[in-house]
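Asker: Below are the chains, spelled out letter by letter.
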Amino acid sequence: MMEHQTICSKCVLPESRPDIFLDQEGVCNICRDYEAIKEDSEKNNSLETEFTKMLKMYKSYGRYDCLVMCSGGKDSTAALYYMKKRYKLNLLAFTFDHGFETEDALENVKNAVDILGVDFLYFKTDYMNEMFAAILKTNSKAIICHLCSIWYMNLTFEIAARYGIPLIIAGWTKGQSKKQSLMSRCGCNMHQPEFSSMAKAAKEFLDTYVKNNPKYKDFPGSMEEVLVMAKKRHKCAVLSPHWFLPFNSDVYVELIEKELKWKFPKLSYPAHTTNCYLNFISVHNSMKYFGYTHYHVEMSKLIREGLLTREEAIKNLEINFNKELLNNITKKLDYTF
Amino acid sequence: MNILGISCFYHDSAVCMLQDGKIIAAASEERFNRQKNSPVFPLNAVNFCIQKANLTIDDLDYIGFYEKPFLKLYRVLLSHLRAYPFSFKNFLDTIPNWLEERLILPLLLKKELGYEGKVLFIKHHLSHAASAFLVSPFEEAAIITADGVGEWGTMSLGVGMGKDIKVFKEMHFPNSLGLLYTAVTTYLGLEALIGEGKIMGLAGYGKPCYLNKFREMVTVKQDGSFMIDQRFFGFNKGSRMYSHRLIKVLGKDRKPQDKIEQRHCDIAASLQKFTEDILIIVANNLYNDSKIDKLCLAGGLFLNCVANSRILENTPFKEVFIQPAAGDSGGALGVASYIYHSILNNNRSYVMQDAYLGPDFSQNQMKRSLLNNGINFKEFNDDSLFRYVAQRLSQNKIIGWFQGRMEFGPRALGNRSILANPANPAMKDLLNQRVKKREPFRPYAPAVLEEKITEFFNAKQFSPFMLLSAEVNKDKKTIIPAVTHIDGSARVQSVSKKINPRLWRLIKEFENITGIPVILNTSFNLNREPIVCAPEEAVSCFKRSQMDCLVLGNYIAEK
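Those protein sequences? They're chains H and V, same order as listed.
The opening position of the first sequence corresponds to residue 1 in this note's numbering, with each subsequent residue numbered one higher.
The opening position of the second sequence corresponds to residue 1 in this note's numbering, with each subsequent residue numbered one higher.
Calculated from the structure, these hints are not laboratory results.
A hint or two may mislead.
[Said to hold, decoys possible] Computed cross-link-like contacts, DSBU-like style, restricted to lysine-lysine with a CA-CA straight-line distance of at most 30 Å: (1) V/LYS111 / H/LYS231; (2) V/LYS110 / H/LYS56; (3) V/LYS474 / V/LYS318; (4) H/LYS88 / V/LYS118; (5) H/LYS59 / V/LYS110; (6) V/LYS437 / V/LYS367; (7) V/LYS259 / V/LYS248; (8) V/LYS110 / H/LYS85; (9) V/LYS367 / H/LYS266; (10) H/LYS59 / V/LYS52; (11) H/LYS235 / V/LYS111; (12) H/LYS85 / V/LYS22; (13) V/LYS110 / H/LYS88.
[Stated by the list, open to error] Where chain V lies over chain H, by a calculated footprint (3+ residues, C-beta under 8 Å): (14) 52-65; (15) 296-309.
[Unchecked claim] Cβ pair distances, simulated, as ranges: (16) H/LYS232 / V/ARG528: 51 to 57 Å; (17) H/LYS59 / V/GLN353: 39 to 45 Å; (18) V/GLU451 / H/MET57: 52 to 58 Å.
This structure is a prediction, so every number in the text was calculated from the model and none was measured.
Beta carbons: idealized from backbone N, C-alpha and C, even for Gly.
Please model the entire structure based on the sequences and the hints provided.
Answerer: Below you can see the structure in the form of structure tokens.
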């Protein structure tokens, strides 16, 4: 799919005006902006000692030091491993399943929490199915993953408040989020130009469908709302060890494969990830409406940071699934492509 | 037992991680923050060292600091006071730094690292002595340390036995051979901390005809102790380290842009000879006092490989050990070793056989650096890699050679090196013109197969850290002209198959092609930049220079 698009010659973002545009040399505005700020990048502030200082700053006086969001993917499983083994914290692992998690991912989580001997909360619900179906049936451009992440974060903050946990640990990579936009400080990356149109579509869907559906009267209107509510409810920071550690995924995949019996799933998009079944639908719609996905954004960032090559990203982002798979997944939602 | 040694705040900040007496990692901050001779608190190097040991800051049992800040401040304040009012500007420049960070190190460690554990301080020259002896192969040895100045000490003499070090003589500021060398370096228009090594090179072009002038300025006693006539110098007075009186004696001082004249070479040669003579007297006296024929040297002065060899040649000492980070960066290693062995009373079992203690990078990371910079490259297996690179060397190509873990200390010892053909008489100029942009009087160094060292050099012992010089054998001078200095000497690195098998194999292949078991080895950097650390920096260096070929692990890129 990517081959038919004009993509940035440095990263993998396609032209998508007005948010992403290429200059005469074929380089996108996001890469140009990055070059301008590269010199005073946060290299020094992203050292592990900065992270360990923060762990002390958010020291818990309760039962758990931190709540680790674990999906069973490589990044979150590695985060779980580091928090337990490297930082020796007492943790509560938490997995959210909207009913579309893969068996492989759940097996990974189970193995990890068993081997590490950590307390574990598994929350499964089909609460959002109606919302997912509505996105498909109304041809909304809202990206399923964005709505899901709003609910997932909301739940996570609620659990942290319930157990008095001062720190939430996520497995976000350097490509997924930036340290400055610590979620506890009410910032999130939805304001980046790469996400601008997608965020508008999500907001439109939330304002129209979700707000007017009594079933979802408690559903937050945006990620900002989640953060504001969380701040009022319970003081809690969100951090990822991957922002501070120099190890890339090659290193920690090898580690968790060995230590936690972690496995790559048979079926997932992009290649070398562990994402849920619904992710295929999300990716399909994202490509259809915007020409790229949040994975393109993430991998482009990793390319800029020198952690991934453009060729690797293009290969990983190749669409290798078909309509039959999509229809199998959406059976539950009573929708056919 | 995990001990982190730190040296910083003056120049060459560095960190060393010692685990159960073994050095796990050591690196200078300049390689990470890319500021040459960086004096800042080594935050990046600390993070690298603890991560290499698979630890976090909370796993450390001790942090050791390489000198005693209060003692040093006492000296600084007193010498400012003595030199008042000329020292007032220096006073204003330096004292705020002391009050902000140097005096309150435990607080700084908490602020910067979140570390709240035990912190120990040992004296500057004891750190040097420990860095030289405690990781040496000797059970007992005489020890000499010498540099600009520590707290008060400028030179110390002692003996190491087992895990103990006894320092029994010390020279004190302002009588410092190191400061004398630096003062004359600046008089000759070169920069302090960078220029001293260049003076050593320049000395080869001169005759020591100013030796008597130095003897007039510095009174040397029979035991090698000396007194510098401070009327000729101004170590703490203002913007320069020498006075008008020195100019009266040696002639007009050279400005950096001035042409180098024969007079300058002669002054450099005289300074070098004067320094060597004092060190020889000191070493002979130390031998007479200790009757031990093994010698350990440390301190910035012993980065002077010519002086080191003269000591070996002119004293009864049979063997000398100088660890690769002989300057202040080695203080980090010294304090960590001293805490483990001498304070905590643990036996010695580790010998520092190599300097490869810095970061390494996977083949994937190297490949990504090349791909992300749009550089075409080929992957080779080991056999074909060494053969191919040796061929390119024999064809007079300049090679950037990036392998394994980065070296600790100022010398590139074959893991972050630029390599070239030593047999080409034009190679030195070619390398200067196309890559290094160095002063023409500075020589390039040879790396030789350890087993062939005496075939080419009149060496008394192996020189794995490039800290000894040796006369090139008469019949070989024309064979390796690019690494033979004007005075017929060379700053040799002997390469052992066991310690650096990849460099050894490359030289062996070069020998198979040319019959010469020697290659030219210089540091992988451009002028005034620190040596490269990561593949990205190697690629950047390759792109910005006229290097012909870049070898990153098993990948080769060519222009």
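Asker: A separate judgement is required for each hint: does it hold in the structure or not?
Answerer: Against the structure, the hints come out as follows:
Restraint check for V/LYS111 and H/LYS231: satisfied, since their Cα atoms lie roughly 27 Å apart, inside the 30 Å limit. With a C-alpha separation of about 11 Å, the suggested pairing of V/LYS110 with H/LYS56 holds against the 30 Å cut-off. The hinted pair formed by V/LYS474 and V/LYS318 meets the criterion: a straight-line CA distance of about 24 Å does not exceed 30 Å. At roughly 20 Å between alpha-carbon atoms, H/LYS88 and V/LYS118 fall within 30 Å of each other, so this suggested pair holds.
Using a Cα cut-off of 30 Å, the hinted pair H/LYS59 and V/LYS110 holds, with the two alpha carbons roughly 16 Å apart. A hinted pair counts as satisfied when its Cα atoms are at most 30 Å apart, and V/LYS437 with V/LYS367 qualifies at roughly 28 Å. Of the supplied pair hints, the one linking V/LYS259 and V/LYS248 holds, its CA atoms being roughly 20 Å apart against a limit of 30 Å. Using a Cα cut-off of 30 Å, the hinted pair V/LYS110 and H/LYS85 holds, with the two alpha carbons roughly 23 Å apart.
Of the supplied pair hints, the one linking V/LYS367 and H/LYS266 holds, its CA atoms being roughly 27 Å apart against a limit of 30 Å. Note on H/LYS59 and V/LYS52: the hinted pairing holds, with a Cα-Cα distance of about 26 Å set against a maximum of 30 Å. Taking the CA atoms of H/LYS235 and V/LYS111, the gap is about 23 Å. The hint holds against a cut of 30 Å. In summary, the hint linking H/LYS85 to V/LYS22 is supported, as the alpha carbons are separated by about 23 Å, within the 30 Å threshold.
Between the alpha carbons of V/LYS110 and H/LYS88 the distance comes to roughly 20 Å, so the proposed pair stays at or under 30 Å and holds. Here the stretch 52-65 of chain H counts 3 residues with a CB under 8 Å from a CB of chain V, which clears the bar of 3, and the coverage holds. Evaluation of the coverage hint for the stretch 296-309 of chain H: fulfilled, as 5 residues show C-beta separations to chain V shorter than 8 Å, against a requirement of three. Judged by the Cβ atoms, the range 51 to 57 Å given for H/LYS232 and V/ARG528 holds: they are separated by roughly 54 Å.
Our hint of 39 to 45 Å for H/LYS59 and V/GLN353 holds, since their Cβ atoms are close to 43 Å apart. Range check, V/GLU451 to H/MET57: about 57 Å between beta-carbon atoms, so the 52 to 58 Å window is met.
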